[in-house]
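K.L.:
If you want the building blocks of each chain, they are given just below.
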Amino acid sequence: MELLIARLIDGVNYGVIYGFLALALVCVYRGTHHLNLAQGEMAMFSGFIAYALHAAGLPVILAILGAVAVSFVAGGVVERVLIRPLGAHADYSILLVTIGLFLMLNAAAGVIWGGDPLAFPSLVPDRPDDYIGFFGTRLRYLPLLILGVLLAVMGGLFALFRYTRLGLAMRATASNPESARLLGIRVSGINALGWMLAAAVGALIATLIAPTTTLTTTMMFNFLIYAAAAATLGGFDSPLGAVLAGIVLGVVENLVASYVGFVGSDLKQAVALVILLVVLMVRPTGFFGSKRVERV
Amino acid sequence: MALPVHIPAGSRADIGWRVGRVVLIALLVFATPYLVPSFRLSQITGALVLAIAVVGLNLLSGFAGQISLGHAAFFGIGAYTTGVMTVKWETAVPITLVVGMVLCFVVGVLVGLPALRLQGMYLALVTLAVGVLLPSLIRRFDGLTGGSSGLFGMEWEPPGIAYFAGRGGETVWLYYVTVVALVLACVVVWNVMHSRIGRAVVALRDNEAPAIMTGINRAFVRTVVFGLSASIAGLAGGIFAVQAGILTPEAVSLLLTINLLVAMIIGGRASYWGPVFGAFVIYFVPVWTSDLSQGPISGVLFGALVILLVFVMPNGLAGGLTSLVRRVVVVVPQPPRGATEGPSPVPVEPGDPAAGNPPLEARLVR
Numbered sequence: 001m002e003l004l005i006a007r008l009i010d011g012v013n014y015g016v017i018y019g020f021l022a023l024a025l026v027c028v029y030r031g032t033h034h035l036n037l038a039q040g041e042m043a044m045f046s047g048f049i050a051y052a053l054h055a056a057g058l059p060v061i062l063a064i065l066g067a068v069a070v071s072f073v074a075g076g077v078v079e080r081v082l083i084r085p086l087g088a089h090a091d092y093s094i095l096l097v098t099i100g101l102f103l104m105l106n107a108a109a110g111v112i113w114g115g116d117p118l119a120f121p122s123l124v125p126d127r128p129d130d131y132i133g134f135f136g137t138r139l140r141y142l143p144l145l146i147l148g149v150l151l152a153v154m155g156g157l158f159a160l161f162r163y164t165r166l167g168l169a170m171r172a173t174a175s176n177p178e179s180a181r182l183l184g185i186r187v188s189g190i191n192a193l194g195w196m197l198a199a200a201v202g203a204l205i206a207t208l209i210a211p212t213t214t215l216t217t218t219m220m221f222n223f224l225i226y227a228a229a230a231a232t233l234g235g236f237d238s239p240l241g242a243v244l245a246g247i248v249l250g251v252v253e254n255l256v257a258s259y260v261g262f263v264g265s266d267l268k269q270a271v272a273l274v275i276l277l278v279v280l281m282v283r284p285t286g287f288f289g290s291k292r293v294e295r296v
Numbered sequence: 001m002a003l004p005v006h007i008p009a010g011s012r013a014d015i016g017w018r019v020g021r022v023v024l025i026a027l028l029v030f031a032t033p034y035l036v037p038s039f040r041l042s043q044i045t046g047a048l049v050l051a052i053a054v055v056g057l058n059l060l061s062g063f064a065g066q067i068s069l070g071h072a073a074f075f076g077i078g079a080y081t082t083g084v085m086t087v088k089w090e091t092a093v094p095i096t097l098v099v100g101m102v103l104c105f106v107v108g109v110l111v112g113l114p115a116l117r118l119q120g121m122y123l124a125l126v127t128l129a130v131g132v133l134l135p136s137l138i139r140r141f142d143g144l145t146g147g148s149s150g151l152f153g154m155e156w157e158p159p160g161i162a163y164f165a166g167r168g169g170e171t172v173w174l175y176y177v178t179v180v181a182l183v184l185a186c187v188v189v190w191n192v193m194h195s196r197i198g199r200a201v202v203a204l205r206d207n208e209a210p211a212i213m214t215g216i217n218r219a220f221v222r223t224v225v226f227g228l229s230a231s232i233a234g235l236a237g238g239i240f241a242v243q244a245g246i247l248t249p250e251a252v253s254l255l256l257t258i259n260l261l262v263a264m265i266i267g268g269r270a271s272y273w274g275p276v277f278g279a280f281v282i283y284f285v286p287v288w289t290s291d292l293s294q295g296p297i298s299g300v301l302f303g304a305l306v307i308l309l310v311f312v313m314p315n316g317l318a319g320g321l322t323s324l325v326r327r328v329v330v331v332v333p334q335p336p337r338g339a340t341e342g343p344s345p346v347p348v349e350p351g352d353p354a355a356g357n358p359p360l361e362a363r364l365v366r
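Chains as they are written, first to last, in my numbering: chain A, 1 to 296; chain B, 1 to 366.
The hints are simulated quantities; they were obtained by calculation from the structure and are not laboratory data.
Bear in mind that the values here come from a model prediction, so they are computed numbers and not experimental data.
The beta carbon of each residue, even a glycine, is placed where N, CA and C say it ideally should be.
Wrong hints could be hidden among the right ones.
[As the list claims (entries may be wrong)] Derived list of chain B stretches under chain A, where covered just means 3 residues or more per stretch with a C-beta under 8 Å from a C-beta of chain A: (1) 136-144; (2) 232-244; (3) 260-269.
Using the sequences provided together with the hints, build the complete structure.
P.N.:
Written out as structure tokens, the structure is:
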């Protein structure tokens, strides 16, 4: 029983990270309907920026917030300079630009900070004996912090979408860009905001998980695949769906890997992807995705 | 003489221009083994192998417009089929290539089936899932595949002809094999795209609903194209196995898919020459950038080049080359001969079955 609870908690911890990154993917997707393959690498780079700020003498919390602010601006710059000039329907060009960005950021981080993993300090106590007892298992502070930040970000986004004019404009753009433009909404600005939010969210994730994963150029690679799966399961245009799907993926994957001997740790990732395949066969738009009705 | 030169289609100049291009390319292909050193020839073969895979991807993502983020998996299935069969069971290489292609076709059709209900990003994610699954399956079944430490010892003994004898013989042999496979792949894609299925593919890509209303069997066309595309990628993988001599799960990871996609788009998607250009770029640019500078800077340059090409050549190298050639030579299409003279100038002979006219038969019915 205790082992089961421990494994559940472990699954949730991972699932929160998947859902968090999936949230960033959804922020971009809602605007231009593109998957930003470079999202993980952007987050990784933000993590290294936080490291540089911390190394320059800033306290951890300020280093993290500084990295988030830098990423927020940088996300907008990337959208303005590399994405918007390509136009709304240049699917392949945008895909290729995100791939180029992926390769560039990955190599650039290696050039600037070297190939060795770097340690990043945790905001909360994270020594082996820092935990809260919970039904005989251990709740560690760092995963709790990540969960808390995720809930805060979700709440903030929800309030933004629900209670502000800007949020209303964002929802209008997501549901029908052409009509939104006719209503006088600056759709390009909204898309840029999506990229900025996504980059900021990515920076938060990278700096929060860095104490456990350490900062490396490949730290986000697997998370991006899971996040893409979670975003797909959640329906790609639903922030809540993405987060819930991320947590479900994390839990199921962890339980199957622990209890089905054949799967083991080698096929852990495969479990998540098989879930994705099965769900998409039954529900082609994920759990929470809005159906797209097309007129002929 | 003012450029561009206009030549009418079907004239001697036009035919000469067409034949000249083919002869030029054939000369280049046959001269290459004599002109370049052995290590460079094997690099060229590597680029040509990539080109085959890109031809396959281009059929699906270029002509049919379905993004695949998992083509490395089909490449991998082909590669590991050849690898496992030649090393563990000592099967002859050509047989393993055929088996690999059939296997890829079947898997491609199976992946294509759920793809029927999915569109855009959802389809891309399904193919991504397949692409990421394969390396972990290879690691899991390491008894067969060698797992993370890799599979070694694939080779293809050249036939006992004096031309392929000597130390560089296998390199030259593999070069010609790859050229032939690439030409075959291109011919297959060309023929498919100029057939009934090809027109259906384009119709489905450009406007699905009216295409279905005109009676196109969407499920059949989509799955067959998916399978065909996968089996061409599998052929590339099989040749890669004997050419590289070592297979690891990393070689068929998501990075390969990304390289194939970049090659396809840089070369010019939905073009016949694009995949070859793109494959050479993707193979040789990292070689050159790492000559220019040491270490990971070359990766930065490569990424920047990819982004730059999107802005400079939106139609890819093939598109850029075509518009460059059009500045020099323009082939002007001519109206069909005799089009202004009313009835068809070729008299139709009754009774010629080749012309589709069965012999006339008259019978008196009482």
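K.L.:
Work down the list of hints and note, for each, if the structure agrees.
P.N.:
Against the structure, the hints come out as follows:
| no. | hint | verdict |
| --- | --- | --- |
| 1 | 136-144 | holds (count 4) |
| 2 | 232-244 | violated (count 0) |
| 3 | 260-269 | holds (count 5) |
Comparing the model with each numbered hint stated earlier shows that hint 2 is the single one that does not hold.
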